[in-house]
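Protein chains in written order, with the numbering used here: chain A, 2 to 433; chain B, 3 to 156.
It cannot be assumed that every hint is accurate.
Which chain A residues face chain B? A few, computed with CB under 8 Å, are given here [stated by the list, open to error]: (1) LYS216; (2) ASN219; (3) ASP223; (4) GLY229; (5) ALA308.
Read the hints as simulated data drawn from the structure, not as lab findings.
Note that this is a predicted model, so its numbers are computed, not measured.
Note that beta-carbon positions come from the ideal geometry of N, C-alpha and C, so glycine has one too.
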Amino acid sequence: MVVKNPDVVVIGGGVNGLFATLDLSLRGFQVMLLERSVIGSGASGRMHGLLHSGARYVATDPKAAVECAEENRIIAGIAPHAVEDTGGYYVAVDKDDEEYVEQFIKGLRAVNINYREVNPEDALREEPNLNPEVKAVVEVPDKVVFAKDLMFSVAVSAYREGALIIQGAEVVGLNVSGDSINEVVVKDHVAGDVRRIRPRIIVVTAGPWTYRVVKMVNIDVDMMPTMGVMVVYNRRLTRRVINRMRMPSDGDILLPYASSSIVGTTAVIVDDPDNLTISDDDVNFLASEGSRMVPALRKVSVVRAYASVRPLIKMPGVNAREAARDFAIIKHEKPSNLVSVIGGKFTTGRLVGERLSDEVSGLLGSSKGSMTRDHPLFGANLYDDLRELDNPLRSLASDFKGSIDEERGRAAALTLLLSEVAKNSRRLMGWS
Amino acid sequence: MVNLHYGGSFNLTKPQREVAGALSNLGLIIKCIPNVTDYELISESKARVKFRVDLGDEVPVAELRRVTSDTVIEVIEASGNGVKLRVSGRAAGSSIEVNLSIIIEPSDGGSRINWSADASLGRLLQMMSRFINIDSMVERIANDTVNGIVKCLS
């Protein structure tokens with residue numbers, strides 16, 4: 002099978018693009034995802050690891066809080082292998098935090114997020130590394146998500162539904178005829194060739210790089226990238242996610258991520274999403290804020306720091322109120338077959354995919370609804386189902402099962418699978 | 003750099019001399035600034051102060067709505083009827099500088115405070131003006147700070 006002209010081309014292989022690809026494939030459309038580098042290499046692969054319970058947004062953005070709460074349950078249900086149900090504590094460590102408790106609990110009730118007020122002494126028994134001066138604790142259903150595991154599972158699942166996942170494919174041109182795009186020009190970084198695709202609909206899910214893609218069709222986007230820094234420590238210090246009990250700010254999350262701890266995040270305005278510099282001040286600031294919640298952080302070593310970029314984007318068709326929301330889907334007037342998304346959190350990636358697919362389905366005259374909320378992702382029973390791999394790779398991946406590294410091997414096995422999926426996708430396109 | 007200018011006045015029940023003394027006492031004034039998270043007195047007239055700045059819920063990224071600024075506050079000039087303070091540092095990765103001039107006059111047994119502030123925002127923070135009304139945002143922050151000082155000295 003050689004697929005030259007799919008129904009939909011999705012540009013950008015982060016969580017939004019992957020879920021859009023899976024959603025559209027499940028609705029029966031022929032979809033091709035183009036990623037300039039590798040799956041999850043952008044902002045999605047550098048998130049903080051929190052699968053939001055929604056609690057963080059109850060005071061500032063109740064709609065986002067409701068969306069996060071629902072997606073938190075859905076993602077845990079369809080991808081249990083990529084989620085650790087740690088639970089989360091919100092902790093008040095000073096007087097200002099204490100003043101937020103009432104508003105916080107009122108917000109949790111308003112958006113119907115399960116919570117439990119925990120006696121500080123009980124909380125300290127559960128989490129001995131918490132600040133002993135903790136004044137109030139509320140438990141919420143925060144979880145930890147293993148970002149690459151989830152994204153690779155979505156990619157493989159989409160491929161199994163007929164989608165093509167092409168890595169190393171950078172869109173360098175969008176040719177317009179009349180009022181629509183009739184050709185997507187792709188620089189193939191693997192073969193070094195220029196490829197041309199003629200899809201019916203183009204979906205842009207390029208995150209902070211969206212402005213570069215839509216600029217190809219003269220859509221002016223005003224963008225301000227902001228960098229969020231995360232610091233990784235060499236020990237897991239808590240069982241749960243620990244959040245500072247205050248309005249969302251910088252330096253107020255500490256996560257247990259496998260055997261490490263991650264503290265995030267900052268908000269630093271930067272010039273270029275491809276050129277990020279993490280300063281000692283960023284790392285020191287996060288260490289200082291993190292240790293207010295968990296003082297033991299001062300005694301463990303920093304392994305490394307990493308950064309992701311959130312874009313603030315102003316685009317024609319999005320009003321200020323929509324732009325201030327978590328995400329917005331934009332159906333452009335011209336070209337009429339272009340749909341973009343701005344904003345979004347990792348937690349709401351599936352929902353973004355669903356909303357994008359609703360828009361695209363309408364354009365393609367289909368009334369089929371989304372199925373991703375009930376569609377178990379590939380990977381939950383990974384070692385029982387490695388048939389996509391050729392024999393030598395299958396043996397290599399399967400050998401993790403029962404070995405000392407079975408749990409750690411999941412990411413490696415999924416990586417091997419994704420590599421095979423990407424190779425097969427190129428072959429099906431006639432690009433190999 | 004974007005330069006913004008604000009000013010205003012308010013009354014305090016305390017006499018001129020007492021207010022002038024308090025306003026030039028950094029150890030006291032820092033405690034009056036809203037949302038101070040950490041501070042260190044470097045000398046009598048100079049302190050390193052970290053405080054959380056509320057940029058407002060209209061900012062489209064939650065983490066950027068409340069950012070921690072890392073500043074040095076310095077008493078530049080202090081006399082019986084006035085104080086000049088300079089606040090310089092960084093917020094959201096961008097430089098900021100605020101020069102605050104305060105004149106204290108006797109008024110009905112208390113004091114009348116006339117203040118003016120010149121704020122300079124670095125290039126990166128200046129970019130925020132494309133997304134939100136930065137002028138009203140800085141004015142709100144200035145008012146919050148003044149209200150904090152009034153509350154403290156009343």
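*Taking the least C-beta to C-beta distance, is A/LYS216 closer than 8 Å to chain B?*
This interface hint is violated because 16 Å lies over the 8 Å limit.
*Grab the minimum C-beta distance from A/GLY229 to chain B and call the hint holds if it beats 8 Å, violated otherwise.*
holds, 6 Å
*Let me know if the C-beta of A/ASN219 comes in closer than 8 Å to any C-beta of chain B, holds or violated.*
At 19 Å from the nearest chain B Cβ, A/ASN219 fails the 8 Å test, so the hint is violated.
*asked:* Is the interface hint satisfied for A/ASP223? The criterion is a beta-carbon contact with chain B at less than 8 Å.
replied: This hint holds: A/ASP223 lies near chain B, its Cβ roughly 5 Å from the closest one there, short of 8 Å.
*Proposed interface contact between A/ALA308 and chain B, which counts if any beta carbon pair is under 8 Å*: At about 11 Å, which exceeds the 8 Å cut-off, the nearest Cβ of chain B leaves the hint on A/ALA308 violated.
Hint compliance for this structure: hints 1, 2 and 5 are not met, and every other hint is.
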